[in-house]
Amino acid sequence: MMMIFNSIRWRLQIWYGLILLAVLAGFGITAYQLERARLFRGVDDELQHRAGFVLNGLRQSGRNRGPGDGPRRPQFDGPPPADALPFDGPDGRGPEQEPGMPNEFHLPQQQASLSDEADTNGYFYVVWRRDGQQLARSSNAPADIAIPTRDGPPPRPGEAPGPRLLEGTGKYREAAAFTPPGEIVLTGHSIAPELSELHVTALSLTAVGAAIFLLGIAGGWWMVSRAIRPIADISTAAAKISGGDLSQRINVAETESELGRLATVLNSTFARLDTAFTQQRQFTSDAAHELRTPVSVMLTQAQTTLNRERSAAEYREAVESCQRAAQRMRRLIESLLELAKLDAGQQPMKRLPFDLGQTARDCAALVGPLAEQRRVKISCEVPALNCTGDSDRLSQVVTNLVTNAITYNKENGEVRIGGSAKNGSVILTVSDTGMGIAAEDLPHVFDRFYRADKSRTSGNTGLGLAISKAIVEAHGGEIEVSSVPQIGSVFTIRLPTAQS
Amino acid sequence: MRILVVEDEPDLLRNIAQALREEGYAVDTAANGENGLFSAESADYDAVVLDVMMPKMDGWEVLSRLRKTKKTPVLMLTARDQSRDRVRGLDGGADDYVVKPFDLAELFARLRALIRRSAGQTRNVIEIGKVKIDVAARNVARDGEEISLTAREYALLEYLALHRGELVTRTTLYEHLFDENDSTMSNLLDVHVSNLRKKLGAEFISTRRGHGYCIE
Chain A
1 MMMIFNSIRW RLQIWYGLIL LAVLAGFGIT AYQLERARLF RGVDDELQHR
51 AGFVLNGLRQ SGRNRGPGDG PRRPQFDGPP PADALPFDGP DGRGPEQEPG
101 MPNEFHLPQQ QASLSDEADT NGYFYVVWRR DGQQLARSSN APADIAIPTR
151 DGPPPRPGEA PGPRLLEGTG KYREAAAFTP PGEIVLTGHS IAPELSELHV
201 TALSLTAVGA AIFLLGIAGG WWMVSRAIRP IADISTAAAK ISGGDLSQRI
251 NVAETESELG RLATVLNSTF ARLDTAFTQQ RQFTSDAAHE LRTPVSVMLT
301 QAQTTLNRER SAAEYREAVE SCQRAAQRMR RLIESLLELA KLDAGQQPMK
351 RLPFDLGQTA RDCAALVGPL AEQRRVKISC EVPALNCTGD SDRLSQVVTN
401 LVTNAITYNK ENGEVRIGGS AKNGSVILTV SDTGMGIAAE DLPHVFDRFY
451 RADKSRTSGN TGLGLAISKA IVEAHGGEIE VSSVPQIGSV FTIRLPTAQS
Chain Y
501 MRILVVEDEP DLLRNIAQAL REEGYAVDTA ANGENGLFSA ESADYDAVVL
551 DVMMPKMDGW EVLSRLRKTK KTPVLMLTAR DQSRDRVRGL DGGADDYVVK
601 PFDLAELFAR LRALIRRSAG QTRNVIEIGK VKIDVAARNV ARDGEEISLT
651 AREYALLEYL ALHRGELVTR TTLYEHLFDE NDSTMSNLLD VHVSNLRKKL
701 GAEFISTRRG HGYCIE
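Chains A and Y supply the protein sequences, listed in that same order.
FYI, the numbering for the first sequence is 1 to 500, going by the numbering used here.
FYI, the numbering for the second sequence is 501 to 716, going by the numbering used here.
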């Protein structure tokens with residue numbers, strides 16, 4: 001049960017059902033009331049007409065008794081009947097006045113015929129004297145009719161005082177009029193046919209309402225199902241991804257709906273997660289991989305050496321070999337830590353103005369011996385390049401680039417360091433005349449552990465360019481490479497100029 | 501037994517070669533794939549230890565080119581231990597693989613098994629008459645008594661025993677027992693054979709004059 005109330009589908013369905021029910025009930029009840037009012041208004045109008053007729057007849061019969069009978073003359077507390085009752089009777093003739101009997105009132109023939117059983121449609125009348133004695137009644141008047149009292153709501157202002165409508169006793173609808181002397185005129189009508197008609201109306205309204213309700217619920221169910229189907233897709237995909245299968249994507253059918261947009265956003269999030277995870281996994285695997293070779297060296301060296309007694313020179317050589325391997329591991333670990341810090345943004349870059357040109361010249365001097373050893377000529381023609389940043393870290397970048405340019409150069413090759421400042425940024429280029437980088441390797445040279453030649457012997461960790469890129473980017477700059485195989489490569493660093 | 505080691509990390513190459521030589525193998529080395537392929541194609545090695553990650557030509561390339569001409573058993577040294585890489589190596593014609601970092605003892609055991617299998621032997625102990633040769637422990641016994649042999653004598657005996665019943669030419673023996681740095685004199689082989697005969701019995705190794713030697 002809790003599940004049903006927690007489910008969006010069920011909650012939507014229940015709310016939808018309740019609202020639909022309320023609308024249908026309101027509509028049905030209103031229709032029923034209108035129909036009922038319409039039916040009864042006809043009856044009420046007729047009753048008032050007929051009460052007027054009867055009063056008219058009563059007044060005429062009183063007038064016929066002569067002026068002496070003044071006190072007994074019925075008087076209306078309403079307007080003259082001719083105004084109130086502009087009724088010409090069914091046959092079109094006006095009410096005729098005929099002599100009546102005192103105390104024994106009879107309606108004129110024509111008016112009496114209105115209450116005849118033959119053509120009354122169930123309308124009847126009763127007239128009482130003030131003392132409660134029945135003065136006259138139509139033949140179809142029910143025997144158990146009660147004398148209406150004078151009490152009742154006074155006529156509203158503006159409303160013509162006339163025969164007062166009574167609610168009747170269920171089966172009948174009645175109108176009563178009172179003469180000042182005390183006669184009471186009641187006209188009534190059995191409403192059994194109207195009630196049964198209303199009953200039928202109520203039944204059909206209920207049936208139509210129920211049908212619409214069921215249709216609506218079914219339609220609502222269908223719509224809700226359609227609407228939340230993407231949610232099911234999303235949650236299935238998300239569950240698989242949370243289970244570790246990062247290659248899962250949500251199947252997006254309509255990209256423009258709200259859920260479609262959500263799914264698109266989620267998909268791109270998943271894709272980024274996937275890429276990040278893959279990179280992370282690759283990085284970890286590469287890092288472990290990089291450590292395997294030096295560990296192999298140490299292990300095999302130690303095992304070989306320990307196999308038997310060795311001379312002092314052999315031990316020395318073994319230890320030196322282990323030292324080389326250990327230093328290689330240390331370099332790798334330092335690089336890894338540096339990258340990790342750069343990744344986490346933990347290594348704050350100093351923001352001090354310095355001359356990048358001077359830094360480049362210092363680096364060129366620093367790697368001079370290496371260049372000499374490799375017979376590579378370094379030319380450094382850099383103007384003063386004022387920028388802001390961490391000169392130590394940027395010097396590391398330049399040294400790395402120049403060292404690479406020497407290492408991958410050909411014999412008697414050249415390394416050229418150049419620089420310029422324009423458009424609010426300073427540019428430093430390091431170009432070599434080496435073997436160049438193949439086009440397929442070019443997009444990857446800044447990737448971690450990427451090596452174009454797949455070898456591990458150059459003594460590089462494979463992280464140098466990745467670290468350089470991270471440092472330059474931490475300064476808000478960028479680093480690029482272009483290369484022509486067999487001609488050489490050009491690395492370009494672009495940094496924002498110092499803000500003065 | 502002559503083994504070629506192809507490895508681009510100089511210290512590792514030197515270590516493996518030294519350890520194998522001390523195990524009595526004749527060892528040639530190559531520091532990159534191109535040289536390794538050239539050596540492997542030009543001589544009959546009993547096994548090749550081949551690193552995967554190398555400059556110029558990687559181990560996979562060397563292997564696939566070598567397999568076009570030679571059936572030499574190849575043991576790959578790989579730094580990647582993902583099964584994808586192992587499958588690739590074995591499917592590419594490698595006979596075995598060892599993941600770095602490895603124990604030398606394991607490398608040796610795998611090499612012995614490779615060499616034994618390629619000679620059609622399934623067991624580590626070869627019995628020829630009264631002589632029992634344990635290839636794993638590298639010792640020889642006659643009538644249950646251990647006989648001490650020099651590394652070269654043992655290598656010669658092992659090669660002949662593994663190719664028992666075959667005529668082994670002097671050239672083949674030179675190729676498999678001496679590496680390219682050995683400047684052997686032609687009578688050195690005769691000296692080893694005569695020493696073996698003294699220790700195991702004169703008729704243990706028969707000579708086919710002008711052709712070579714054979715263990716029946």
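It cannot be assumed that every hint is accurate.
20 Å max Cα-Cα, derived DMTMM-like pairs, lysine to aspartate or glutamate [as the list claims (entries may be wrong)]:
1) K556/Y to E411/A
2) K556/Y to E534/Y
3) K240/A to D274/A
4) K556/Y to E381/A
5) K350/A to E338/A
6) K556/Y to E338/A
Bear in mind the hints are in silico, worked out from the structure with no lab data behind them.
Comparing the hints with the structure gives:
1. K556/Y to E411/A: 18 Å, holds
2. K556/Y to E534/Y: Since the Cα atoms of K556/Y and E534/Y sit roughly 7 Å apart, the hinted pair holds (cutoff 20 Å).
3. K240/A to D274/A: This hinted pair holds, its Cα atoms lying about 13 Å apart.
4. K556/Y to E381/A: 35 Å, violated
5. K350/A to E338/A: 16 Å, holds
6. K556/Y to E338/A: 30 Å, violated
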